[in-house]
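Peer 1: Chain by chain, the residues:
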Amino acid sequence: MDEILEILEKDARTSPEEIAKMLHKDVSKVKQAIRKYEKEGVILKYKAVINKELTRDEESEVRALIEVNIVPQKDLGFDKIAERIYSFPEVTSCYLISGTYDLLVVIEGKNMHTVSNFVAEKLSCMENVRGTVTHFLLKKYKEDGVMLKHREENKRIAISY
Amino acid sequence: MKDIISKVVQEMQPSGIRAFFDLVLGMKDVISLGVGEPDFVTPWSVRESAIFSLEQGYTSYTSNKGMMKLRLQIARFLKNHHEVTYDPDDEILITVGVSEALDLAMRAIINPGDKVLIPEPCYVSYGPVTALAGGIPVYVSTAPTGFKITPEAIERHCDTKTKAIIINYPSNPTGVSYSKRDLECLKKAILKHKLILISDEVYDELTYDFAHTSFAALSGLKNNTLYLNGFSKSYAMTGWRVGYACGPKEIIAAMTKIHQYTIMCVSITSQIAACEALQSGRKAVEEMKREYRRRREFVVDNLNRIGLSCNKPQGAFYAFASVKNTSLNSIDFCQQLLKEQKVAVVPGNAFGKSGEGYIRISYASSFSNLREALRRMEIFLKGL
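First to last, the sequence lines map onto chains A and B. Going by the working numbering, the letters in the first sequence line up with residues 22 to 182, in that order. Going by the working numbering, the letters in the second sequence line up with residues 699 to 1082, in that order.
None of these hints come from the bench; they were simulated from the model. Since this is a predicted model, take the numbers as computed values, not measurements. Among the hints, erroneous ones may be present.
As the list claims (entries may be wrong) - For lysine-lysine, the following PhoX-like pairs were computed, each having C-alpha atoms within a straight-line distance of at most 25 Å:
1) A/Lys31 x B/Lys981
2) B/Lys859 x B/Lys886
3) B/Lys767 x B/Lys920
4) A/Lys176 x B/Lys885
5) B/Lys1022 x B/Lys1080
6) B/Lys892 x B/Lys981
7) A/Lys170 x B/Lys726
8) A/Lys31 x B/Lys987
9) A/Lys50 x B/Lys1010
10) B/Lys885 x B/Lys920
11) A/Lys163 x B/Lys947
12) A/Lys46 x B/Lys947
13) B/Lys947 x B/Lys1010
14) A/Lys68 x A/Lys176
15) B/Lys1037 x A/Lys176
16) B/Lys987 x A/Lys50
17) B/Lys892 x A/Lys176
18) B/Lys1010 x A/Lys46
19) A/Lys52 x A/Lys73
20) A/Lys176 x B/Lys1040
21) A/Lys176 x B/Lys859
To be verified - Over 12 Å on every C-beta distance to chain B, these chain A residues come out as not near it, computed from the model:
22) Glu27
23) Lys42
24) Lys101
25) Asn149
The C-beta atom is built at its ideal place from N, Cα and C for all residues, glycine as well.
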């Protein structure tokens, strides 16, 4: 992966000027590369990683991982039915999986009711869906490479040879 | 009371900047660019292997020379990465960091009155360790030649009592390193004066502009060379204290003799961790290196911009910047910077007289720290 992407993936707020210094390149070249990545959809968006364990909203959301078994459609395979599922805004992630089931669908909802309703009323009755298994998520420890805990203090001594 | 302490130790100069270090340690909320170790923690797979070994009950001594498995892996690694062949049986010794290896080396080869050439500025222990072994450190200032030792300087400082030379590259504190061509030039002078070359290459993995060449890989030099390396810098394992010495079997045997009576063996947990580092740590090393290189560009560019002139270091994680265009000497610069802006850097003279007029800035620190520290340094310089 291009180092520009590596830097932005670590800290999306790093400015093109800083990236240019880090990589010893022209700022204009860096800006151009970033624009290209954005245009081509390599960079889709920039967002903050929020530790929702700490936000303590009363309306904090419930998440569920749902195993979905589907009957693939002729000529279209899994893609068409997957699209019908992931187009719901409640679905935050959707993966085609090898093994005993086909799709892993991640759902977010206000509470267990909304999630179960979604599964019962939208997902399991969908044509080509053969069955679902719902797992409610109890606690998040790590997400997308980020450990969801307080930053640990520096353990090095402040000065040394 | 004075007579209790040996003459050698009495004559050892206490570090002149101890007071400054104490000042830093006593202050809160300091951004420190004065740290001589990686800011990464040891890769998890390495830590996990050590925990597992403890659970399995690996708590005993190992062979004096170190675990055979580790020596074999080191031999294989050196062959693959540096094209140097060492026999794990009798040419490799596992030590408590490079520090112990250096101490053993000096005690193994020095007779009272032997001289040792030490290019300066240099890591703080080279002189004292030489003196403790009964040798005479001969400091050779590299400041006039871009902090690189030259064959001419070696020639000028050699006499019949000169037995060895300690070369550290990439260098702490200057970050300077030597290309293969540089090494070839030095080789002639080393061979001509039949010097034992103690090559401290602990920062070798952190070389940014060219591939690191090991002295021992040059033809005809291996029999004169003691190669020292360790896991501290490349694998972020400073606290584990694992290093190694490779060299002619006579020297390794002599060092092993001292090692077996003084240290016995390196902690087994650390040795097991080192095995794992060699097995699975390569990806982490590459990632850390890329990150250091980006920081190097960022820091050096900014230092020059704010008026602290600084050559681009080829390796390690230090920038050695001149403070000569301020009216301050190294120690005053560091003290005032600390007091006024709470940024800690190390005065260059901590690494010998020829480091005066410079400061060592460690970029083993996160980008957010580096950014903020450089901002504060700029304010400090404007206020001078």
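Peer 1: Are B/Lys859 and B/Lys886 close enough, with their CA atoms no more than 25 Å apart?
Peer 2: 18 Å, holds
Peer 1: For a C-alpha distance cap of 25 Å, please report whether A/Lys163 and B/Lys947 respect it.
Peer 2: It is violated: about 50 Å lies between the C-alpha atoms, which goes past 25 Å.
Peer 1: Can you confirm whether the C-alpha distance between A/Lys31 and B/Lys987 stays at or below 25 Å?
Peer 2: Holds - the C-alpha atoms of B/Lys987 and A/Lys31 are around 15 Å apart, at most 25 Å.
Peer 1: Check the hint pairing A/Lys50 with B/Lys1010 against an upper bound of 25 Å on the C-alpha distance.
Peer 2: 22 Å, holds
Peer 1: Assess, step by step, whether the Cα of B/Lys767 is no farther than 25 Å from the Cα of B/Lys920, and give holds or violated.
Peer 2: Measuring from Cα to Cα gives roughly 24 Å; hence the hint holds.
Peer 1: Tell me if the straight-line CA distance from A/Lys170 to B/Lys726 falls inside 25 Å.
Peer 2: The given pair, whose Cα atoms are some 24 Å apart, holds under the 25 Å limit.
Peer 1: Can the restraint linking B/Lys892 and B/Lys981 be considered satisfied, given a maximum Cα separation of 25 Å?
Peer 2: 40 Å, violated
Peer 1: Does B/Lys1010 lie within 25 Å of B/Lys947 when you go C-alpha to C-alpha?
Peer 2: 38 Å, violated
Peer 1: Quick one: work out the minimum CB distance from A/Lys101 to chain B and report holds if it exceeds 12 Å, violated otherwise.
Peer 2: 38 Å, holds
Peer 1: Is the hinted pair B/Lys1010 and A/Lys46 satisfied, with a Cα-Cα distance of at most 25 Å?
Peer 2: Roughly 15 Å separates the two Cα atoms, so the pair holds.
Peer 1: Between A/Lys68 and A/Lys176, is the straight-line Cα distance small enough, at 25 Å or below?
Peer 2: 30 Å, violated
Peer 1: So if I understand the rule, the pair passes when the alpha-carbon distance is 25 Å or less; does A/Lys176 with B/Lys885 pass?
Peer 2: 41 Å, violated
The structure fails hints 4, 6, 11, 12, 13, 14, 17, 19, 21, 22, 23 (numbered hints given earlier, in ascending order).
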